[in-house]
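2 protein chains.
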Amino acid sequence: MREVAIIGVGMSKFGELWERSFRSLITEAGLAAVKDAGIGGDDIDALYVGSMSAGRFIGQEHIGALVADEAGLTPAHIPATRVEAADASGGVALRQGYLAVASGAHDVVVVGGVEKMTDVGDVEQTNILAASADREWEAFFGATVPSLYAMMATRHMHDYGTTREQLARVSVKNHENGALNPNAAYPFTVKLDSVLTSPLVASPLRVLDMAASVDGAAAVVLCAADRVPSFTGKPVKILASGQASDSLALHDRASFTSLGATQRAAALAYRQAGITARDVNLAEVHDAFTISEVMAVEDLGFVEKGQGGFAVEKGVTTRAGSVPVNTSGGLKARGHPLGATGIAQAIEITQQLRGNAGARQVRNARIGLAHNVGGSGATATVHLLGGWE
Amino acid sequence: MREVAIIGVGMSKFGELWERSFRSLITEAGLAAVKDAGIGGDDIDALYVGSMSAGRFIGQEHIGALVADEAGLTPAHIPATRVEAADASGGVALRQGYLAVASGAHDVVVVGGVEKMTDVGDVEQTNILAASADREWEAFFGATVPSLYAMMATRHMHDYGTTREQLARVSVKNHENGALNPNAAYPFTVKLDSVLTSPLVASPLRVLDMAASVDGAAAVVLCAADRVPSFTGKPVKILASGQASDSLALHDRASFTSLGATQRAAALAYRQAGITARDVNLAEVHDAFTISEVMAVEDLGFVEKGQGGFAVEKGVTTRAGSVPVNTSGGLKARGHPLGATGIAQAIEITQQLRGNAGARQVRNARIGLAHNVGGSGATATVHLLGGWE
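If you're matching them up, the sequences are chains A and B in order.
Every number in our numbering is 642 more than the matching position in the first sequence, counting from 1.
Every number in our numbering is 642 more than the matching position in the second sequence, counting from 1.
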């Protein structure tokens, strides 16, 4: 397979953007990425878009063509493909774009992720999100995504002694980072006590343990190695792309305290890159819930199983820690516009590796990891990025 | 890129299958394809699924993981990816599977297509289908997919003298073929007069000009060239895979009588295979409406522009004609379960090239073409298949 670089990144602000449309968000992100890459519209060979549920949120399918059309790429008739894997849609789209370039089929590919969630009410949002879980065996019987993660949290606390306070510290840490991110939906800090006393959603998880449903879009430009010198965008290398699946319903999983798909995707990615978890300098992980980040840092191999809660307590995953996690603010503080999240993670890693992360910049960022999860864990992607030469 | 073969095919019966679920349909098709290929579940490296609107039809997203789970592939945690491009979802999924193998990322990939459409009522079906068109600029104002194709038909009749009878003959021909297809939803012949007097839907198109919304699933097994000898499935080569897009809304197109996406996808595919339209021995084209087939045989280069209606009148596209088109019965007689259609087309071509098409078998089938369209033409895929030798 050919080597592939990210040469441009762009994103909209994330948030409850009542005045913005699906179309305007993805176009803004795409144009920013194209400008950052220093390419023209004519250079784009193909387009991939990750979006979970535009059919339910805005009554629109056929999202690939829509985005190509809206971006003014119609005259070239480029292939435009939407992929969906619940809220791992962005990560899976990134992988398809990567394969399209690695295969030799295309040289320059734009990969976007987008979701416009706030055109429907809260109850309908919850119902749509439950379509990421097993409708027939979970959602029909009243399970929601928060309730599924609440069961994981309960079990993790029971098995490993993870505490309510440790979970809350994930939220506090990520808001500390997000407060420095101008694109974050919630760019402010939260106090430990605020998390611990926020309204209960599904015990033991509270409102401030959860990433909120927002609008947003993000895009990256991928480029084949031999074309990188043709453009001005500062390149970052995709060292590896791993993707894996697991049973849709929680009750069929081997474990309630690990995501098998994360473990498998990480193993594939580490093998492809020829590295181990110890070589990773920073990571964006899928903290849809605080317990998600606790499990992720374990499943990705940054800490021993069961130590995820203690790691955050000890500061291992802060910007100054040994493995900074979610320097962007994560899903918690940046907000979680489903399809856009996986791309936004890759953008944060790219900016950190470029040394362009501003007030959030960490030191010695040489290899970064982006980890995206669909629903309660039936899909996971792990991408490893590194410096170009 | 590596050479890729189709080594196994399988499909469910298509139809209004009230007693069947989304899960049971795709599992039936997938297992049939796996059996035909002579592979085991352990041989499967990745899964792709094309489905247009499971979110709206059955309240379920996260379709890749769902299918992997239902098929019992969970222990291996293989990557499972759903792609969507309206009713070109199957063709686009086939292309992603093809790229995944061609890139060297995977050796054996199962690609499925599925739609369960009859769990919602007719009006909701029409509304969901309109999500393949431009919601903001077409559907919100009352346009339906039939009304868009009706405009194309009207213009084609005006510009080229295409007649109402010629359109009807597409339906008659495809039902003659479909009557020989045991998996077809409507395996019976229709008389010319029946088409001409069937209820008007959107002038000049009538009920028997239109492919009906049904349930169904189809699957193929793709295999890297060097692994083909490991399995017993009779291989057919994927000579080329072309995909293209166009504006979502009809009013932005350069023409009302051609699909630019079809023309572009065909040009890409012919170039990749190093052949011309004249080398194609048979084709499955996207006859969602009778006018669709008339335009397709022109846009694919089988006849001159404007001659599509006259071609069917002269018998050019019958099983005994110079370019047999839709020997399976096409979308019209086989039925059109959106995401499944593009895969079912590839299956018909595979069976014809293998000499396994039974009563529908055409002579001298060496190169076949499968043409899948999304909505009113904003996405098109063209795949060329040939003998393995």
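Hints were generated in silico from the structure; no laboratory data involved.
Just so you know, not all the hints are guaranteed correct.
To be verified - Straight-line distance between alpha carbons at most 20 Å, and here's what the computed SDA-like set of lysine to any residue pairs gives:
(1) A:879 / B:807
(2) B:879 / A:745
(3) B:879 / A:714
(4) A:677 / A:644
(5) B:956 / B:834
(6) B:655 / B:644
(7) A:879 / B:746
(8) B:956 / B:745
Quick rundown of the hints versus the structure:
1. With a CA separation close to 59 Å, the supplied pair residue 879 of chain A and residue 807 of chain B exceeds the 20 Å bound.
2. This hinted pair checks out: residue 879 of chain B and residue 745 of chain A have alpha carbons roughly 18 Å apart, not beyond 20 Å.
3. The straight-line distance between the Cα atoms of residue 879 of chain B and residue 714 of chain A is roughly 35 Å, outside the 20 Å bound, and the hint therefore fails.
4. The straight-line distance between the Cα atoms of residue 677 of chain A and residue 644 of chain A is roughly 24 Å, outside the 20 Å bound, and the hint therefore fails.
5. At most 20 Å may separate the alpha-carbon atoms for a hinted pair to count; residue 956 of chain B and residue 834 of chain B meet this at roughly 15 Å.
6. Straight-line distance between C-alpha atoms of residue 655 of chain B and residue 644 of chain B comes to about 33 Å, which puts the hinted pair past the 20 Å bound.
7. Of the pairs offered as hints, the one joining residue 879 of chain A and residue 746 of chain B holds, with about 19 Å between alpha carbons and a cut-off of 20 Å not exceeded.
8. A distance of roughly 43 Å separates the Cα atoms of residue 956 of chain B and residue 745 of chain B; the hinted pair therefore is violated under the 20 Å criterion.
In this structure, the earlier hints numbered 1, 3, 4, 6, 8 are contradicted, and the remaining ones agree with it.
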